[in-house]
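**Q** Protein sequences, first through last, are from chains A and B.
Numbering that gives the first Met the number 0 applies: residue 0 is where the first sequence begins, and numbers increase by one.
Numbering that gives the first Met the number 0 applies: residue 0 is where the second sequence begins, and numbers increase by one.
These are computed hints drawn from the structure, not numbers from a lab.
Predicted model only: the values in this text are computed from it and were never measured.
A few of these clues could be false.
Said to hold, decoys possible - When the alpha-carbon atoms are kept at most 30 angstroms apart in a straight line, the in silico DSS-like pairs for lysine-lysine are as follows:
1. A:Lys144 to B:Lys288
2. A:Lys93 to A:Lys186
3. A:Lys268 to A:Lys210
4. A:Lys38 to A:Lys268
5. A:Lys214 to A:Lys186
6. A:Lys104 to B:Lys109
7. A:Lys93 to A:Lys104
8. A:Lys214 to A:Lys104
9. A:Lys100 to B:Lys109
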Amino acid sequence: MSEQTTTPAGDDESVAVSQTPMVLAEHVSKSFGSNEVLKDISLEVRRGEVLCLVGPSGSGKSTFLRCINHLEQVSSGRLSVDGSVVGYREVGDKLYEMHPKDAAKQRRDIGMVFQRFNLFPHMTALENVMEAPTQVKGVSRSKAKARAHELLARVGLAERADYYPAHLSGGQQQRVAIARALAMDPKLMLFDEPTSALDPELVGEVLDVMKELAKTGMTMIVVTHEMGFAREVADTLVFMDGGVVVETGDPREVLANPQHARTQAFLSKVL
Amino acid sequence: MNDASSGRTETSVPAGGPGAAPVPTKIVRLRHPWRIAFAVVILAIVAVVVIDAAQRPAFDWPTVGKYLFDQRISQAAGYTLLLTVLSMVIGVVLGIILAVMRQSENPVLKGVAWVWLWIFRGTPVYVQLVFWGLLATIYTSIDLGVPFMEPWVSFPTTALLNTFWLAVIGLALNESAYMAEIVRAGLLSVDSGQSEAATALGMGWGTTMRRVVLPQAMRVIIPPTGNEVISMLKTTSLVSAIPFTLELYMRQRDIAAAIFAPVPLLIVASIWYLAITSVLMVGQYFLEKRFARGVGDRPDTGPGPVTGAMSTDGLEQVDPEAGLAARHGGDAR
Chain A
0 MSEQTTTPAG
10 DDESVAVSQT
20 PMVLAEHVSK
30 SFGSNEVLKD
40 ISLEVRRGEV
50 LCLVGPSGSG
60 KSTFLRCINH
70 LEQVSSGRLS
80 VDGSVVGYRE
90 VGDKLYEMHP
100 KDAAKQRRDI
110 GMVFQRFNLF
120 PHMTALENVM
130 EAPTQVKGVS
140 RSKAKARAHE
150 LLARVGLAER
160 ADYYPAHLSG
170 GQQQRVAIAR
180 ALAMDPKLML
190 FDEPTSALDP
200 ELVGEVLDVM
210 KELAKTGMTM
220 IVVTHEMGFA
230 REVADTLVFM
240 DGGVVVETGD
250 PREVLANPQH
260 ARTQAFLSKV
270 L
Chain B
0 MNDASSGRTE
10 TSVPAGGPGA
20 APVPTKIVRL
30 RHPWRIAFAV
40 VILAIVAVVV
50 IDAAQRPAFD
60 WPTVGKYLFD
70 QRISQAAGYT
80 LLLTVLSMVI
90 GVVLGIILAV
100 MRQSENPVLK
110 GVAWVWLWIF
120 RGTPVYVQLV
130 FWGLLATIYT
140 SIDLGVPFME
150 PWVSFPTTAL
160 LNTFWLAVIG
170 LALNESAYMA
180 EIVRAGLLSV
190 DSGQSEAATA
200 LGMGWGTTMR
210 RVVLPQAMRV
220 IIPPTGNEVI
230 SMLKTTSLVS
240 AIPFTLELYM
250 RQRDIAAAIF
260 APVPLLIVAS
270 IWYLAITSVL
280 MVGQYFLEKR
290 FARGVGDRPD
300 TGPGPVTGAM
310 STDGLEQVDP
320 EAGLAARHGG
330 DAR
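Chain B on its own, in the form it takes in the complex (with noise of 0.2 angstroms):
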């Protein structure tokens, strides 16, 4: 071990000014000798094993490669992201209205999204999907009409939704109970103070809620957002209980069934979640940082910057901290 060599130096070595006062010049950095050590001891292990994975037949590089950009993959891919970002947008929107529902002083509406996330929070996602699946079987038609009546218009239920949506419907509905636990969240962290100065101001509670708490929410809402996003983006794996099997799960498990062989293609699969992942955790990224805006906790000196300004100029500096200081004040509260 190189210990005794290293951190030893603090002896102030003389000034090399004029000045021959005892000023201490020079700083010796702590060292960390064992982070040095773990990380040659890790960088060992990784090349045994990456060195191991590229000899072994059975991971067949060869074919992850020839199927890596298969247009079939590639198109599941898309179905995959596709049926994550509809899902998502339902499941927000409607976590939203369930969240605000909860809020409310109306007993009636309080009822109905307590009932609704007992249900979809409490079931598994895959019996949802199965399901969602078994609707066209359980519902033949959709009618519209008055109950126990001879229906106005009546649809058969496949042809109004094709395993697509189900899938979406599903996911959606499953996705909004948990998000409308993030809103609520949200929601309390804004200082009740907030709500009340808006109703001070004349403010009805709609406004209130559109134009005070929801964007101050927003902060505390993103981070746990982009988390369901990707979590959302994995549980599209599922939506073969449906069954839709255009997603990326099902397309590589159809192709490496018909040419025996599971290893390589889901080898692919996992390449392409992981590239989907790492994109959206950039986009998360970004949104936070947009979110963060105007309400860091900046000490009030020097010249505030003007106007426009503020968006683009002060926040470079204190973001990534100001976002956080700013929920852990939001928590706080």
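Next comes chain A alone, as it looks inside the complex (with noise of 0.2 angstroms):
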């Protein structure tokens, strides 16, 4: 437990790009018309840090998520990924949008997962995994293969390497899709509450990959409903509503010991 706290840039790199936080948010905020779903965010993930957002639903932390990858556009604030601002070139004291082209490849290095999986039924989950590193990256297709069989035995689907995603379980697709992810290596992933389309018993299988995966030093930021798993494995959590972050702290101390009455009555309901 105590190992995975410490972070994989650790001391053989140098102190400027450790010091660089993976993500950065300065008072970033989101609107959808007039309705503003991000109010004001600032937080800080550190490399190899494990930050659970809870909270209720419509509370803006899948917004929050999807800001980090530019699926959307924050409106106001400061987002960066790595020390480079999302979706924006960053020039004196201006903001020059990107062009899809240099938005699709700030988006190679961040992994994300869905809570529907999303994985591409057209192909199988060995096709799935490979996709985007021959076609986007363009590794070779033997490479592609071979480290897309390693990626399926790592969560455990070695043998359902050749199967549709329409023939596999809920469970097993969402590992293939974490898989899918992790061929591009990001340095960053993303879950968008990965287990709550899942049966309630394959919930396990795939935390369990999360957890294998957060031992790694992985940076990750995952939104979830699941306490448990933000209390075994999270460094941080953060706990959102109403498009503002409520409470953020070490997750056994917030879970135990809430101090917002909004955290406390949120996690009666839940725990």
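Given two chains presented individually in distinct reference frames, assemble the corresponding complex, making use of the accompanying hints.
**A** This is how it looks when you write it as structure tokens:
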């Protein structure tokens, strides 16, 4: 348990690099029309940190996650990943909107796992994992295939490589989706309620894969309702409600002893 | 009616085996006497019509037989088929381009596609074909060069485009407008999560379309496209408006006019149209089967097929319904 909190950036990298937070949000707001979904969010995710975002539905956690890899554009504020502003080029004190091609390049290093898996149904599990490396990075098919087999084995699905998603259970599909994201060698993994669409007995297998991943020192932001997972794996727990960060802290402390009334009210219903 | 005798033997016959337990052993299916009655009536009507038609001199069956495989007719059928295939191929390609343009975020592309659709879908194809026929009159030459300057090269329009190609262009452009809507429906049927997942993996818009969205849209696109092909086959009979006269309808009309026998030649043409349509329908069946592959909603029970086996084995049994279910699934989203 204690090992996983050590940052992988560690000693061998330069101090400057290891001090740059993986994700830095400064006064981030996001509106859909007149509906303000994120209000002045400021938070920091260190390298190797596992951060769990919890809160009632509609609290803006998923939107915040989607802003991090520019699936949504922030309305104001500054959101940067690994030191560079998401979706914009910073010149002086101005932010220039990026060309979609550059935004796509930026996303390569950020893996994302969705609530509804979103595997490509016309490809086998193996092809799903191979797709992005071959199409986006231009990795040769043989290399991508070897790596895909390796990743599928890592999520415990070596024998299911040639199955189509329709023939896999929800838990298996989500594990393939994790392998697919890992195939791009991301420096940051985003999980958007990865177990919410699963039958209860399948939740464990997905969480186990995520725990393993956390142990390797991957920086992870997880939107979840699994408080057990948050308590066990997360370094930081962030409670959001109504588009604002209500409470941040060590998950064991926040869960055991929430400071804010809203956190207390939410946790009393969930725990 | 034999109503009384049917369906009433529900009472269970004692089990024939050693056990005397009152297990019902014989199932009597619900009978449908009215179906048989209707079938008999219809058969009778058909028989009357056929016998009458066979004897009616106006149909002139010997002439039908004589011209059915006449070389001029079979050649004309060939032209009809060629017109259909060429116009459809161009129409589908343009349709995909237009549909993608309409889906794009670029307002210019969107606008161009919208105007194109507005014009080609908003005017009758017959009118369009007449216009194409007048192209050489309206634009006597086709020039390449800078506008309002002396052209670099200049071709007389009639030398560049004969009536056959004008017919192909006329039919294809009209078709492209309809195909664009079919393709667009297909694109919309693909869950938005698919392009989102592709985007999150760092794929650009083009790659996402080509690798993720279009292959899935195909299952929704193919059935109505088959419809369009058959519709196109029949629309080719309108190219007399250009006028292109070597296709089936005009050819049979010319022959009919020469021998003063309109009815038998119409029958000949109809037989050819029906024959080609039937062949196309078979083709559509196999195409649908192919694109329903690998995506059928099948419960994940039992040992799934392995790699290559997937394509041949598993789907033989699931097929027609799988395709259907998949389509419905697509619509539901």
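**Q** Hints first: check each against the structure and report whether it holds.
**A** These are the hints, each one checked on the structure:
Simply put, Lys144 (chain A) and Lys288 (chain B) have alpha-carbon atoms about 28 angstroms apart, close enough for the 30 angstroms limit, and the pair holds. For the hint pairing Lys93 (chain A) with Lys186 (chain A), the CA-to-CA distance comes to about 27 angstroms; that is within 30 angstroms, so the pair holds. Between Lys268 (chain A) and Lys210 (chain A) the CA atoms are separated by roughly 25 angstroms; this keeps the pair inside 30 angstroms, and the hint holds. At roughly 25 angstroms between alpha-carbon atoms, Lys38 (chain A) and Lys268 (chain A) fall within 30 angstroms of each other, so this suggested pair holds.
At roughly 14 angstroms between alpha-carbon atoms, Lys214 (chain A) and Lys186 (chain A) fall within 30 angstroms of each other, so this suggested pair holds. Pair hint Lys104 (chain A) plus Lys109 (chain B) holds up; C-alpha atoms about 26 angstroms apart against a cutoff of 30 angstroms. As the CA atoms of Lys93 (chain A) and Lys104 (chain A) are separated by approximately 21 angstroms, the hinted pair is consistent with the 30 angstroms bound. Pair hint Lys214 (chain A) plus Lys104 (chain A) holds up; C-alpha atoms about 27 angstroms apart against a cutoff of 30 angstroms.
Between the alpha carbons of Lys100 (chain A) and Lys109 (chain B) the distance comes to roughly 20 angstroms, so the proposed pair stays at or under 30 angstroms and holds.
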